[in-house]
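Engineer: Next come the chains, spelled out residue by residue.
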Amino acid sequence: MEASLTLLVPLSVALVFLIGWVFWRALEGGQFDDLERPAHDILMDDDEVKK
Amino acid sequence: MARTIVAAGFGKYYETRSASGVRPEALPATVLYDDPAAQREFVAAPGEHVREATLILDRIRCAACLWLNEQSLRRVPGVLRADVNFTTQRAQVAWDPRATRLSRILEAIRAVGYDAYPFDPRRGDALARAERRRALWRLFVAGFGAMQVMMYAWPAYIDAGGGTLSPAAEGLLRWASLVLTTPVLVFSCGPFFRGAWQDAKQRRISLDTPIALGLAAGFAASAWATVTASGAVYFDSIAMLAFLLLGARTAELFARQRAGRELDRLARWRPSFALRLQGSVTERVPAHALVPGDRVLVGAGERFPSDGVVEEGASSADESLLTGESRAVAKRAGAALVGGSVNLEQPLTMRVTRVGADTQAAAIGRLVERAAASRPALVERADRLAQALTYVVIATAALAWLASGDVWIAVAVLVATCPCALALAAPIVLTRAGAQLLARGAALTRSRALEALQRATDVVLDKTGTLTLGRPAIARVDCFSEKDEGQCRALASALEASSSHPLARAFRRVGNMPTLRDLRNEAGHGVEAHVDGRLVRIGSRRFCAAIAGPAAPEPKAQVYLAEEGRWLAAFFIEDAPRPEAADVVRSLVARGLRVHLVSGDDAALVEQMARRLGIESWAGGATPQAKFDYVARLQAEGRVVAMVGDGLNDAPVLARADASIAMGAGADAAQLQADVVLTGDRLGALLDVLALSRGAMRLVRQNLGWALLYNAVALPAAALGWIGPWEAAIGMSASSFIVVLNALRPLAGKNAWKRASPSSSPSRSLSYS
Numbered sequence: 026m027e028a029s030l031t032l033l034v035p036l037s038v039a040l041v042f043l044i045g046w047v048f049w050r051a052l053e054g055g056q057f058d059d060l061e062r063p064a065h066d067i068l069m070d071d072d073e074v075k076k
Numbered sequence: 008m009a010r011t012i013v014a015a016g017f018g019k020y021y022e023t024r025s026a027s028g029v030r031p032e033a034l035p036a037t038v039l040y041d042d043p044a045a046q047r048e049f050v051a052a053p054g055e056h057v058r059e060a061t062l063i064l065d066r067i068r069c070a071a072c073l074w075l076n077e078q079s080l081r082r083v084p085g086v087l088r089a090d091v092n093f094t095t096q097r098a099q100v101a102w103d104p105r106a107t108r109l110s111r112i113l114e115a116i117r118a119v120g121y122d123a124y125p126f127d128p129r130r131g132d133a134l135a136r137a138e139r140r141r142a143l144w145r146l147f148v149a150g151f152g153a154m155q156v157m158m159y160a161w162p163a164y165i166d167a168g169g170g171t172l173s174p175a176a177e178g179l180l181r182w183a184s185l186v187l188t189t190p191v192l193v194f195s196c197g198p199f200f201r202g203a204w205q206d207a208k209q210r211r212i213s214l215d216t217p218i219a220l221g222l223a224a225g226f227a228a229s230a231w232a233t234v235t236a237s238g239a240v241y242f243d244s245i246a247m248l249a250f251l252l253l254g255a256r257t258a259e260l261f262a263r264q265r266a267g268r269e270l271d272r273l274a275r276w277r278p279s280f281a282l283r284l285q286g287s288v289t290e291r292v293p294a295h296a297l298v299p300g301d302r303v304l305v306g307a308g309e310r311f312p313s314d315g316v317v318e319e320g321a322s323s324a325d326e327s328l329l330t331g332e333s334r335a336v337a338k339r340a341g342a343a344l345v346g347g348s349v350n351l352e353q354p355l356t357m358r359v360t361r362v363g364a365d366t367q368a369a370a371i372g373r374l375v376e377r378a379a380a381s382r383p384a385l386v387e388r389a390d391r392l393a394q395a396l397t398y399v400v401i402a403t404a405a406l407a408w409l410a411s412g413d414v415w416i417a418v419a420v421l422v423a424t425c426p427c428a429l430a431l432a433a434p435i436v437l438t439r440a441g442a443q444l445l446a447r448g449a450a451l452t453r454s455r456a457l458e459a460l461q462r463a464t465d466v467v468l469d470k471t472g473t474l475t476l477g478r479p480a481i482a483r484v485d486c487f488s489e490k491d492e493g494q495c496r497a498l499a500s501a502l503e504a505s506s507s508h509p510l511a512r513a514f515r516r517v518g519n520m521p522t523l524r525d526l527r528n529e530a531g532h533g534v535e536a537h538v539d540g541r542l543v544r545i546g547s548r549r550f551c552a553a554i555a556g557p558a559a560p561e562p563k564a565q566v567y568l569a570e571e572g573r574w575l576a577a578f579f580i581e582d583a584p585r586p587e588a589a590d591v592v593r594s595l596v597a598r599g600l601r602v603h604l605v606s607g608d609d610a611a612l613v614e615q616m617a618r619r620l621g622i623e624s625w626a627g628g629a630t631p632q633a634k635f636d637y638v639a640r641l642q643a644e645g646r647v648v649a650m651v652g653d654g655l656n657d658a659p660v661l662a663r664a665d666a667s668i669a670m671g672a673g674a675d676a677a678q679l680q681a682d683v684v685l686t687g688d689r690l691g692a693l694l695d696v697l698a699l700s701r702g703a704m705r706l707v708r709q710n711l712g713w714a715l716l717y718n719a720v721a722l723p724a725a726a727l728g729w730i731g732p733w734e735a736a737i738g739m740s741a742s743s744f745i746v747v748l749n750a751l752r753p754l755a756g757k758n759a760w761k762r763a764s765p766s767s768s769p770s771r772s773l774s775y776s
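In the order they appear, the protein sequences are chains A and B. The first sequence begins at 26 in our numbering and counts up one residue at a time. The second sequence begins at 8 in our numbering and counts up one residue at a time.
None of these hints come from the bench; they were simulated from the model. Where hints are given, some of them may not hold.
Selected chain B positions facing chain A (in silico; Cβ < 7 Å) [said to hold, decoys possible]:
hint, residue
1, ARG136
2, ARG140
3, GLN155
4, ALA176
5, LEU179
6, ALA183
7, LEU185
8, VAL186
Bear in mind the structure is a predicted one, so any value in this text is a computation, not a measurement. Beta carbons: idealized from backbone N, C-alpha and C, even for Gly.
Given these sequences and hints, build the entire structure.
Structural biologist: Below you can see the structure in the form of structure tokens.
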């Protein structure tokens, strides 16, 4: 059992850093900037015609 | 840069700052902001030689930074005024354009290592977003780290008896915990350490110091135990502590930004584009490119891009932005339009009169933002107490450590007590109070007044323009000939139609007006004309007596009507009370306030008005000095006086009262010298002001009371070793959370100040905003 610990514990540490990196990407990508408006987007029509 | 700061005599900054400064890097040229076209957006011109702007300050981290910025701004020659708002991190600057330029002011801020941008809601949003992202990222790292470290600690907890976990496995788990706790401490808790370190260099301590000491001591003890494979480790406690502390901080940040946003409402209203009319062609232009004199087409449902007047068309507008009352106001050609209000019915053509920072909405927004410069005395006392408490906490922790020899007791003391709960709650409540009052048509210009308003025992009301509409109307007509009242009114209206005398406004045009010939206006006396061949006069008693003969009626009326040889009528003109005045007075009395009516008008009229509205104390014929003495006498009796006036003629007495409220409709609102300006010109808002001030001060007191109680219990408990570090962390975070959440509660309950008779209530009832 102990042998598996020596593998799993470092693995979990690595996993934490991986998840941290993913979250950071999401944050920088603006995922958490506005938690309300995107839900309304689906209801809005795009009446502004792009030039 | 340090030389600039010290040379300018700001050495105190280094004694008080609690976060490291920054270097002026390659920054965009400030001279761009001197361009008048660019300035139109954010620079207002309240006077010929006064310019005013709101600047966003960047890289502000602590109160000392704000102080430094404020002082630097005030030192720039030509700067007339500079106030910095802590909650919104914005500076209000007024300067004399003959003596300095905006770029010099911006340079002064850069010279001491900060950056300032002219206020632009979008720029503010970007800064707020970056701050939110940083806070979330720190919180995530701490939270995820804490979760994982907790897992590693778990085997050690269930194996408390020993035996099943080999030393090698335990060492592995400890090292893994160390690896994960390090980023939590170094990255997530960075702000605590930076703040504490800066203070340590200046040999002073701040609110960050105990937290940084506690975290560092706990981490160092655990790391030592890991490296030497001896003693106990508490990485789980450290990481959880960091997470909970950051959680409280983040909640505070979000609450602060939300309160600031509420206040930004007035600055955000403007549409981005406007349809400008060039002859008969319309052209789509950015709203900030409009200049006074432009003609703009505004469709139904759209917002007016700036202040202006209706040129063509008829519609109605929702001006709740300024008045706090969603009611359609009819707009015909010539009517004034408030930029930001909504055109409700028909398309209108408007002519732009004021743009950008000169508009009414912008002026009132600046007024309210300035409010935070003066804080209630209670809040200032709490700040000093928080400072003092910090020293007590550190001393207690040191003593506890020496006495017990256990570092974890010291950590618990440092962490459990939370002076920050004392410091952080009041600003949020005060900013929210300002924003919510604004939404109800009352601009709070000095936060300090909330305390006096909340304690007010007496309300002193002025008459003209306050209890009354400031618009004269005919109250009674006495007729002396065979002509009846209707005929006399028609004749009077015809005569007065061309007069510019203030009383002439009382005579509304009626349908069947007789034809006049040889109309002559005798300035200051009256008007005369020939009607059906007879000379008719309207005006003062003496003016009429000259043609009517000596048998004059009583000299009580204000306007007389006479024709050759006889008197026709006497008109009693009165300024009608506001429709809601009686309700408001009744509500005030019902709340246990004493209501006074003090006016410069004729004593008999004042008495009549007071009796009609149910006011028990009154004084008529009062000069400004007499009004002043009246308020002073009440104060000498120990009463707390809130004075309501029109803000123009009664400035001295408003200044004397404990809290002053001015009725201000439209353009002058921003110029009035009062603690609160009722921008909607609606007396009912007075009740909202009093209710909200009570609510806001109640929240402030609850928060302070709670923070004091918590600290009084937690400090001895932790010092005696009754609570461990992680319990201390939960207690401290919970106390911060409670304070922040309490600060976000509604300031006045739904039924807090129900009006005495709901049937005739002219305005919205108090409700959550």
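Engineer: Hint by hint, note whether the structure agrees.
Structural biologist: Going down the list of hints, with the structure as the test:
1. The beta carbon of ARG136(B) is positioned within 7 Å of a beta carbon in chain A (closest approach about 5 Å), and the interface hint is therefore held.
2. Satisfaction of the interface hint for ARG140(B) is found here, the shortest Cβ-Cβ separation to chain A being roughly 6 Å, below the 7 Å cut-off.
3. Nearest Cβ of chain A to the Cβ of GLN155(B): about 5 Å, under the 7 Å cut. The hint holds.
4. Checking ALA176(B) against chain A by beta carbon gives a least distance of about 5 Å; that is within 7 Å, so the hint holds.
5. A hinted interface residue such as LEU179(B) counts as satisfied when its beta carbon comes closer than 7 Å to some beta carbon of chain A; here the least separation is about 6 Å, so the hint holds.
6. Checking ALA183(B) against chain A by beta carbon gives a least distance of about 5 Å; that is within 7 Å, so the hint holds.
7. With a least beta-carbon distance of about 10 Å to chain A, the hint placing LEU185(B) at the interface is violated under the 7 Å criterion.
8. The beta carbon of VAL186(B) is positioned within 7 Å of a beta carbon in chain A (closest approach about 6 Å), and the interface hint is therefore held.
In the structure shown, a violation is registered for the earlier hint numbered 7 alone.
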